[in-house]
Amino acid sequence: MNLLYKSVQKDCNVSFSGLWLQFSEDEHYDIRYSAACSLHEAFKIIDDEEDTKHLRKCFLNYILDQQREIMFIMNKNLALMI
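Going by the working numbering, the letters in the sequence shown line up with residues 36 to 117, in that order.
Check each hint, because a few of them may be wrong.
[Stated by the list, open to error] Derived pair list, reagent style DSS-like, types lysine-lysine, alpha-carbon separation capped at 27 Å:
| no. | residue 1 | residue 2 |
| --- | --- | --- |
| 1 | Lys88 | Lys45 |
| 2 | Lys111 | Lys92 |
| 3 | Lys45 | Lys92 |
| 4 | Lys79 | Lys92 |
| 5 | Lys45 | Lys79 |
| 6 | Lys79 | Lys111 |
| 7 | Lys88 | Lys111 |
[Claimed, not checked] Pair by pair, the computed Cβ-Cβ distance ranges are:
| no. | residue 1 | residue 2 | range |
| --- | --- | --- | --- |
| 8 | Asn48 | Asp83 | 22 to 28 Å |
| 9 | Ile98 | Ser42 | 28 to 34 Å |
| 10 | Gln101 | Ser42 | 34 to 40 Å |
No wet-lab data here; the hints were simulated from the structure.
Built from N, CA and C at the ideal position, the CB exists for glycine as well.
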């Protein structure tokens, strides 16, 4: 969805990186897990001039998450995000 609507996200008043950040802070494990599985995709489609503040915070939230499975996902996709 991010890639499909990326060009109009400002017109729609949507911040996909902000949504990813909200998902990374959600209290429900399933939401955090699902978003962690696709975070590397968000890093793939960002432009060079795009602000990555939210995605970096999201990345840190997942690296510091107490759930072992989420840490494994982050380690698996680490090279794509860095």
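Please verify whether Lys45 and Lys79 have alpha carbons no more than 27 Å apart.
OK: Lys45 and Lys79 at ~19 Å, within 27 Å.
Could you check the hint for me, namely that Ile98 and Ser42 are 28 to 34 Å apart, CB to CB?
With a Cβ separation near 30 Å, Ile98 and Ser42 satisfy 28 to 34 Å, so the hint holds.
Would the hint linking Lys88 and Lys45 be met if the CA-CA limit is 27 Å?
holds (17 Å)
Distance restraint hint 34 to 40 Å, applied to the beta-carbon atoms of Gln101 and Ser42
holds (37 Å)
Need the status of pair Lys111, Lys92: alpha-carbon distance at most 27 Å?
Distance of about 18 Å is within 27 Å: holds.
Proposed proximity, Lys92 with Lys45 (alpha carbon, max 27 Å):
holds (21 Å)
Should the hint that Asn48 and Asp83 are 22 to 28 Å apart at their CB atoms be regarded as holding?
Since Asn48 and Asp83 have Cβ atoms about 24 Å apart, the given range 22 to 28 Å holds.
Given the hinted pair Lys88 and Lys111, is their alpha-carbon gap at most 27 Å?
holds (22 Å)
Verify the proposed pairing of Lys79 with Lys111, using a straight-line Cα cut of 27 Å.
Holds, at roughly 15 Å.
Is the straight-line distance between the alpha-carbon of Lys79 and that of Lys92 27 Å or less?
Between Lys79 and Lys92 the Cα gap is close to 16 Å, so the pair holds against 27 Å.
In terms of the numbered hints stated before, the structure departs from none.
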